[in-house]
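Enquirer: Residue numbers (the numbering used here), protein chains in the order written: chain A, 1 to 425; chain B, 1001 to 1498.
These are calculated hints, taken from the structure and not from any lab test.
Values in this document were obtained by computation on a predicted structure and should not be read as measured data.
Warning: the hint list may mix true and false statements.
[Unchecked claim] To give a feel for the contact side, a few chain B residues facing chain A, derived at Cβ under 10 Å:
#1 N1109
#2 K1110
#3 I1111
#4 L1112
#5 I1114
#6 D1115
#7 L1130
#8 I1193
#9 K1298
#10 D1388
#11 L1453
[As the list claims (entries may be wrong)] In silico lysine-lysine, PhoX-like type, Cα no more than 25 Å apart, as pairs:
#12 A:K74 x B:K1307
#13 A:K219 x B:K1170
#14 B:K1072 x A:K405
#15 A:K158 x B:K1417
#16 B:K1457 x A:K196
#17 A:K136 x B:K1417
#18 B:K1313 x A:K73
#19 B:K1421 x A:K153
#20 A:K413 x B:K1462
#21 B:K1072 x A:K74
#22 A:K404 x B:K1462
#23 A:K74 x B:K1457
#24 A:K278 x B:K1298
#25 B:K1229 x A:K219
#26 A:K281 x B:K1462
#27 A:K405 x B:K1170
#28 A:K404 x B:K1072
[Unchecked claim] Beyond 12 Å from chain A on every Cβ pair, some chain B residues (computed):
#29 Q1053
#30 Q1076
#31 K1119
#32 T1191
#33 D1199
#34 S1212
#35 T1223
#36 R1228
#37 K1229
#38 L1304
#39 E1310
#40 R1329
Where is the CB? At the ideal position from N, CA and C, for every residue including glycine.
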Amino acid sequence: MSTEEKKNSQISLDSEILSPSTEKEVSEIVREIYSKQLPIEIAGTGTKKGFGYNLQTARKLTLSKLSGIIDYKKEELYIKVKAGTPIQDIEKILDENNQELAFEPIDFGYMINGQSNKGTIGGYVACNFAGSRRFKVGSVRDHILGFKGVNGKGDIIKSGGTVVKNVTGYDLSKLISGSFGTLVVLTEITLKVSPKKQSQITVIVYSDEIKKISNLFDKILSSSNEVSAATFIPEEPDNENYDHTKKKIFKFNDLDHEGSFLAFRIEGDKRSIDERLKELKIELDLSNFNSSILDVHQSIPFWKKVNNLELFSGTKNNILRAVLPPAKCETFSKFLNKKYKYCIDWCGSLFWIEVLDKDDEKINKIKNFTVENSGYLTILKKSENFDFQDTLFTIDNTRLMISKKIKESFDPKKLFNPGRMYREF
Amino acid sequence: MTELALPKIDKDTISRKNQIVSQLKKFTKDENILSENEEIKPYETDGLAAYKQTPLAVVLPENTKEVSEILKFCNQENIKVIPRGAGTGLSGGALPLQDAILLGLGKFNKILEIDFENKCVVTQPGVTNLGITHAVQHKGYYYAPDPSSQLACSIGGNVAENSGGVHSLKYGTTTNNILGVEMVMMDGTITRIGGKTLDQEGYDLLGLLCGSEGLLGVITEVTVKILRKPQSVRAALIGFPTVEDGGNCVSDIISSGIVPAGMEMMDKALIDATDKFSKAGYPKDAEVLMIVELDGTKSEVDGLLSKVSEIAKQNNSNSMKLSNNEKERLAFWSGRKAAFPACGAMAPDYYCMDGSIPRGKLSLILKEINELSKKYNLAVANAFHAGDGNLHPLIMFDGSDKEQLRKTEEFGAEILKACVKHGGALTGEHGVGIEKRELMCESFNNDDIQQQLNIKKSLDEKNLLNPGKVYPILRKCAEEGRVHVHRGEEKFPDLPRF
């Protein structure tokens, strides 16, 4: 940046927190940090700050001022927004138009400090963590049509566009999803949106036998009746170090609060829901279980609570996120053996596990078991006294080597969120 | 056909041919290496038959270890490698080079594991797309992405091109339906990306690889998701008196919250041609014809079909048939599926384009194409995947007239540029390959392209894997390309297309 340009710019590197409000300003900042080799932390509004390794950087760049809806085409099923746009703003306008983000954005605020704080769309793309509908509709990355951003040299780059069928060049939208801000500073994101389903119900099946639960998950996955979410909420371990929140959180008229339960959701118009419920009752042999049904007014808040991980609201403990092939559900649950507070989402594939403070050895055991069973594990929330020496993300040496090369191709001086995902870069 | 620039030929490599062939015999059986002219002739082109090159040799490895050793050797010896699946690609992505080894994956043709518990299939890349569905359909499952060439195209090629099809609006393309791959990099490194789990951790290398057109690695194994077949499928065949009415109907269906399994359109020229060819019974008075397919539970499909009928009526539809059984549904599709051979009967040659535009611009682009048709005095027939805005204009010409060929090329390039101008993409499903390479700068500026080249360089430092494809060599906008079919002499003319 020339002296003249610097004088005209509202952003100067003299400040430790940089809040650009235009893409050009982002580019100018990055060009300057590139020339001065200053490592930088990139954040939206900081709601997912605790994820990954802690950073030691010279400057922090926040995208909170780079906010707003650029273009919303309801009939084209896309919305183009600036990267720092609060997710609520996007959800609000979509809701007004009877549309939604099908990947069900998770509100991590509850887990971080016990209250709602969704953050920005840039943060969702950076983390690529989708909610309960994942096994049916794909992850965050499956809903990104295109993006613009600034690479580590300050170049403004783009990929994709606004149309769903596009195979022009490498699909960088996928690559930047889940990259935790280590490849580009996102400035603009185009998202695929979906029509909102007319109605929904949730069927609650009471059982604490994991073999039966695992079997139900399998039958749901095998069904053509399009179940759009399925979760298992077990009883909490009898240990005073865990907050016992289950009964408080899942308090609904048609839900028996005692014991473990599996819940699955059916969405669509009323006639279709009735038809599918009838068939699922037969497919799942529901007459062999105690069960109840949450109507639409209970079903909607129920899944919000599941998706927002309210079960782990404000916990001081470590939170792990393990993803396994669905057929490993029973094995993994038995391994956890009611010693931990956990729940299973994505119809048997995703485990959220709370592990007590300072239980590093147990975390290591869970991680090893996950990998041995063809899964992967992320240590998402770290407790205060966390001194885990192993990696927070699962990766083998070859993929680490490839990832390192990819990182260098975007950010040759390794200035963006250094060490956030892997200590090597 | 206008000549496209290819990477500079390394004469030294060609002069070492015998030595290289003999070295390759260390890594695989002798019979897996083809080097005589008559043996390698079938490999001189892929589905874009207008371009032909004879490779240095063809190697047909049998396992991942052999692929790794061959690539490692080629990397050390600076020998270019062109990976190839079934060779049905339409953008010249597997076009050989004279100084390159063509690495055919045809012997990787086994399904390794059918895992109903995890709802996936682990397969070698040479298995056909339809082969996967055939392997699981006895239990009511199928593999969702359905490129029209699914009978012949390989799943490895599908990953390389991120193939889609009629049903991609609802079920996504390849990238949304694969869970993992085994891949060999140019330096011989073997790695696994993903597996049987949803998503992966870290950088989405699977997403990067999918659609990378064989430039980043050679795929040696693929794990795909399988889905249960929907309980009920029905279709509507709807005619409209004007292009605008048809285009508006597409937008209104989507806006109303309906996501059909497939939504296809044809213009009058194609309705007449395909109906003559297939006797599908298409309406004679329609300017555009739409096929809308819906799937789900029986009552859901019946309900949605009735809503679609209402929306079509509100948009002035002048004919409508709803399928009441599978035979009727397939009859609706028969004309649409015969688009390619039907056009073959209309003119000595035709060019098939592949671009994407926003759905709302369908009638606008059709108007522009018709104006261009008058400007160039060349007939054109249009087929659209209307649901996702992927269009396939077919330009009729006579290739023996050089002036017509030149005009056809200009016409085609103008259509693709119009797609980009209206917010669409240069290619919806055929890939860039060699065909649209020089048009990349219509979509991307130098910084965008340089970022992609940086990725390529970081994984294939010497640019030996499928060089000359996707990225412009000259960094200028030339006007060339397209699928050229002369008197039906396209590769695999019997395959349904588009």
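Enquirer: Decide, hint by hint, whether the structure agrees.
Expert: Verification of the hints:
Against a cut-off of 10 Å between C-beta atoms, the interface hint on B:N1109 is violated, since the closest Cβ of chain A lies about 25 Å away. With 10 Å as the threshold, the beta carbon of B:K1110 stays out of range of chain A, its nearest partner Cβ sitting at about 21 Å, so the hint is violated. Hint status for B:I1111: violated, given a least beta-carbon distance of 18 Å to chain A, over 10 Å. Taking 10 Å as the C-beta contact cut-off toward chain A, the hint placing B:L1112 at the interface is violated, the least distance being around 15 Å.
Interface hint status for B:I1114: violated, as the beta-carbon distance to the closest one in chain A is roughly 13 Å, over 10 Å. The beta carbon of B:D1115 is positioned within 10 Å of a beta carbon in chain A (closest approach about 8 Å), and the interface hint is therefore held. Among the interface hints, the one on B:L1130 is violated; its C-beta lies about 20 Å from the nearest C-beta in chain A, farther than the 10 Å criterion. A cut of 10 Å between beta carbons decides the hint on B:I1193: the least distance to chain A is about 7 Å, and the hint holds.
The interface hint given for B:K1298 is met, as the beta carbon of that residue sits about 7 Å from the closest beta carbon of chain A, less than 10 Å. Checking B:D1388 against chain A: minimum C-beta separation of about 5 Å stays under 10 Å; hint holds. Checking B:L1453 against chain A by beta carbon gives a least distance of about 9 Å; that is within 10 Å, so the hint holds. Restraint check for A:K74 and B:K1307: satisfied, since their Cα atoms lie roughly 19 Å apart, inside the 25 Å limit.
With a C-alpha separation of about 23 Å, the suggested pair A:K219 and B:K1170 falls inside the 25 Å cut-off, and the hint holds. Only pairs whose Cα atoms come within 25 Å are accepted, and B:K1072 paired with A:K405 is accepted, the gap being roughly 18 Å. With a CA separation close to 18 Å, the supplied pair A:K158 and B:K1417 stays within the 25 Å bound. Between the alpha carbons of B:K1457 and A:K196 the distance comes to roughly 43 Å, so the proposed pair goes past 25 Å and is violated.
Between A:K136 and B:K1417 the alpha-carbon distance is near 36 Å, which puts this suggested pair outside the 25 Å criterion. Straight-line distance between C-alpha atoms of B:K1313 and A:K73 comes to about 24 Å, which keeps the hinted pair within the 25 Å bound. The hinted pair formed by B:K1421 and A:K153 fails the criterion: a straight-line CA distance of about 28 Å is larger than 25 Å. Taken as a hint, the A:K413 and B:K1462 pair is honoured in the structure, with Cα atoms around 22 Å apart against an allowance of 25 Å.
For the suggested pair B:K1072 and A:K74, the alpha carbons sit about 50 Å apart, so the restraint of at most 25 Å is broken. Only pairs whose Cα atoms come within 25 Å are accepted, and A:K404 paired with B:K1462 is accepted, the gap being roughly 18 Å. Distance restraint check for A:K74 and B:K1457: the Cα-Cα separation of roughly 39 Å exceeds the 25 Å cut-off, and the hinted pair is therefore not satisfied. For the suggested pair A:K278 and B:K1298, the alpha carbons sit about 13 Å apart, so the restraint of at most 25 Å is met.
At roughly 14 Å between alpha-carbon atoms, B:K1229 and A:K219 fall within 25 Å of each other, so this suggested pair holds. Note on A:K281 and B:K1462: the hinted pairing is violated, with a Cα-Cα distance of about 59 Å set against a maximum of 25 Å. Note on A:K405 and B:K1170: the hinted pairing is violated, with a Cα-Cα distance of about 35 Å set against a maximum of 25 Å. Only pairs whose Cα atoms come within 25 Å are accepted, and A:K404 paired with B:K1072 is accepted, the gap being roughly 21 Å.
In this structure B:Q1053 is separated from chain A by more than 12 Å, as the shortest Cβ-Cβ distance comes to about 23 Å. The beta carbon of B:Q1076 sits about 18 Å from the closest Cβ of chain A, which is more than 12 Å, so the claim that it is off the interface holds. Taking the minimum C-beta to C-beta distance to chain A, about 6 Å, the non-interface status of B:K1119 is violated against the 12 Å cut. The claim that B:T1191 lies off the interface is violated: its Cβ sits roughly 4 Å from the closest Cβ of chain A, which falls inside the 12 Å cut-off.
The claim that B:D1199 lies off the interface is violated: its Cβ sits roughly 5 Å from the closest Cβ of chain A, which falls inside the 12 Å cut-off. Listed as a non-interface residue, B:S1212 fails to keep its Cβ farther than 12 Å from every Cβ of chain A; the least gap is roughly 6 Å. Some Cβ of chain A comes within 12 Å of the Cβ of B:T1223; the nearest lies about 10 Å off, and the non-interface call is violated. The beta carbon of B:R1228 is not kept farther than 12 Å from every beta carbon of chain A, the shortest such distance being approximately 4 Å.
At roughly 6 Å from the closest C-beta of chain A, the C-beta of B:K1229 falls inside 12 Å, breaking its exclusion from the interface. Not every CB of chain A is more than 12 Å from the CB of B:L1304 (nearest about 9 Å), against its label as outside the interface. At the 12 Å boundary, the C-beta of B:E1310 stays outside the reach of chain A, the nearest C-beta of that chain being 15 Å off. The Cβ of B:R1329 lies farther than 12 Å from every Cβ of chain A, with a closest approach of about 18 Å, so its non-interface assignment holds.
In this structure, the hints that do not hold are numbers 1, 2, 3, 4, 5, 7, 16, 17, 19, 21, 23, 26, 27, 31, 32, 33, 34, 35, 36, 37, 38, in rising order.
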